[in-house]
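Peer 1: These protein sequence lines are chains A, B and C, in that order. Heads up, the first sequence is in this note's numbering, so the first residue is 1 and it goes up one at a time. Heads up, the second sequence is in this note's numbering, so the first residue is 1 and it goes up one at a time. Heads up, the third sequence is in this note's numbering, so the first residue is 1 and it goes up one at a time.
Take the hints with a grain of salt, since some may be wrong.
Under the rule of at most 20 Å between Cα atoms (straight-line distance), these lysine to aspartate or glutamate pairs were calculated in the EDC-like manner [said to hold, decoys possible]:
1. C/Lys185 - B/Glu183
2. A/Lys130 - A/Glu161
3. B/Lys6 - C/Asp88
Sample of chain A residues lacking proximity to chain C, with all beta carbon distances greater than 10 Å (derived) [as the list claims (entries may be wrong)]:
4. Ile20
5. Glu27
6. Asn80
7. Met104
8. Gly139
9. Leu166
Chain C side only, calculated, beta carbon under 7 Å to chain B, not exhaustive [as the list claims (entries may be wrong)]:
10. Gly224
11. Ile225
12. Ile248
Hints were generated in silico from the structure; no laboratory data involved. Computed from a predicted model, the values in this text were never measured in an experiment. We put the beta carbon where it would ideally sit given N, CA and C, even for glycine.
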Amino acid sequence: MDTVVVKLVNVSKNYKDKTIIKDFNLEVYEKEFLTILGPSGCGKTTILRMISGLEHVSGGNILLDGVDVTNVIASKREVNTIFQNFALFSHMNVEDNIAFGLKMKKVDKEKIKVEVEKMLDLVKLKGYNKKYPNQLSGGEQQRVAIARGLINSPKVLLLDEPLSSLDYKLKKEMQVELKRLQKKLGITFIYVTHNQEEALSMSDRILILDKQKKQQLGKPMDIYNNPNNKFVADFIGESNIFRAKVVKIVDKYAYVEIDFAKKIRIINKDYKINDDIYIMIRPENITIGNYLKENSIEVKVKEVIYNGSVSRVIALFGNKEIKINVKNSDKVNLKEDITISFNTKNICSFVK
Amino acid sequence: MKKENKFFKYLSLFPISFYVIVLILLPLIYIFCLSFLTSDYYGGINYSLTLSNYLNLVDLVYIKLFIKSFLIALVSTFICICIAYPFVIFVSQKKKIVKNIIMTLVMVPFLTNSLIRTYGWIVLLRKTGIVNTFLEDLNVISSPISFIYNDFGIILGMVYTLLPFMILPLFSAVDKIDKSVIEASYDLGSTSFKTFFNIIVPQTKVGLFNGSLMVFIPAIGYFFIADLLGGGKLMLIGNLIKNQFLSARNWPFGAAVSISLVLITFGLVKIYQKIGGKMDDLGGF
Amino acid sequence: MKKSLKNIFIFLVFLFLFLPIIVLVIFSFNSSELNIVFENFTLNWYINLFDNRELIEAFSNTIIIAIVSTIISVIIGTLGAIGLHKYDFAFKNVINKLLYIPIVIPEIVLGISLLSIYTLFKLELSIYTILLSHIVFSIPFVVVSVRSAISNNVDVLENASYDLGASNFQTLFYVTLPSILSGVKSGALLSFTLSLDDVIISYFTAGPSSNTLPLKIYSMIKTGITPDVYALSTILLLVVFIVLTISILVQMRSIRRNSI
């Protein structure tokens, strides 16, 4: 899994006077499912379009399988895209849509037929050959788009928010389906989305992008547990973030003060006394009660929301709302003062 | 790709640009220049600049002709509105397929020769025509009525020829109104009359103005309607231009009249854009 | 208002629109040439029609001009609409604005300005000048209707096509043109009918020996139109009706297909 398939070297993109991407570097490995995750306008779709060749780069180089393809046009790159709204050709039936890529290459008709059938089988649409896109459901259209993108057996499949127009249940199904296809075919997928749930459930690695800059790149679990900065912590999952000041350093631990002069012990990451930092605790890592004997604070319960398996307690620490997940909400009463605590190993910290 | 792309760019843009410049812009500029020249007795052109063609327009004869031509166009437009509004409202309440059939049928007269259709009215309405003969045979009238060869004839001809141009844009405007808005209006106790003026007209004003332009502007220039259905002495601006170019052979004066007409047209189009009309909706049936 | 009253109103409007057409259809079967009362049923006018050389020539000129001008306008207009959508260049806005001129200005002004420019360039007025003039007023209508069919979606489809390995020309023929076909079709229909029925612009740009059906009819009206012209118009009307009926049937089918 260490062969690099796609490599972006110092890539930048300007549109009119606006910088969309600046000095961007990325290596994508063979057979990898990489997700580029970020809010709208962060430049993620532009990166995808530059890899596909639909957008020119303003600077830098793009390598595909070690070959510089910066000046190779889209139709000559061995990369295919699944577009946001599928972009199926509505005047062609399913068969012709899927066969399009091979037809353009003037592949022998008999061979095209065989390949189309293979693809239909792969995406579980056997017998749909003669239907037109407007006769298909959203999920079926999605499958046709995938088959059409895969028939050229690209080195990399680019997916531009392909699930955004599907309803919740279908989205879930297609997530499983996409992952299955990717594993089965062993093709590199580069997937763009603003939906963190999709990113966490499917990816081998996630690249988080914001304000035209790479924020963090790593395995889903690492990103969730050890966010690099406030943006990532906030963007992925739910979090409670506090401003803190380092007051004491003992061995591998640092002690910080949050708003009410409360001392919290965290793992030291080369901090110095008086450093201003942030600390972050996930709602599921907070325990009600003082069992841990360390890192505990007094809060007032503001709201209790029953959510099925897990309930949500919102408590006030001064003016700050703290989100807490509890298994059993019976013990918690409104407006009651409670003590909450958290384990040092569950506290993340970052400078910005 | 770069090469092929450039090729398609020129292939697609060169013909249309050539056409726009040589066959639209150039003729108009030429007419504009012509309007500042004079003609000699033989219909030739003297190349000396003058404003006399425009000054000549400020003559009582021509002012009267302009006013009359505009009045006829205005009355024709108004009548078209009065017919088209209820028509499209009633049609818009029909089922989709019925709507399609009715609107296609409205197009049919378009597809038959407009002169022959106009002649049909002559056959019907002239003094020895079908209607007068019929009425005389029934002794309803003692001498034939002059339906045509007068202003009424011209207006009839204009309304008849141009009515579909009013119906089509007005229909697409009325058909777009959310039906629940109209129902809500009735529900709140509004009468049909009030609903029409308070809901339908404001929501369809762009379509209304579009249709009015498509009737009013041609109605100024359709000289053949005046030729066929008007009285001999009556003339519209269209006839004036035609005469200057074909019989009087005073092209510079005809050009001046045409340029005035173009300016008026541009003014009306500007108003249309002001109220939110899109240029692509004009004439895009 | 009562439904029946509404239907009566719709009927009256249609009566107004179709009355003169009905009259000419009826009188095309009339044995009398006077067009006042219907005497006897005859098909003679339909038979005589083919002996009227001038009429047949004017008619065939009209059809040829309509077909040729439509083909040329559709090619230039469609390519132009695509090009104007795709590419940016210095005078694009000016070209776009000037394109509306033939649609909005009175036809007579377009007619005399073309006449003037032909005279200026010493082009002899003939059937070719009529043809050129018809192309002039048809192109903008084609551009407008093609443009309405080029939505942003077409850009996405073209991207998909490039992405799948299609060249520029493959994309144009397999993706772009089929996607905007409805606009091309309605532009073609519009320019064909405008050409078929044009009096004003032909009137100014026709040479003395070139004649089209509308011009021929125009010159006949003063002296009275003979029923063979009615016969010809009736045949045309029949063709139009057949074409429209087919198009309505196709529409009904597509409505049904989409509602499945």
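Peer 1: Quick check: which numbered hints come out false for this structure?
Peer 2: The structure breaks hints 1, 2, 6, 7, 10; every other hint is satisfied.
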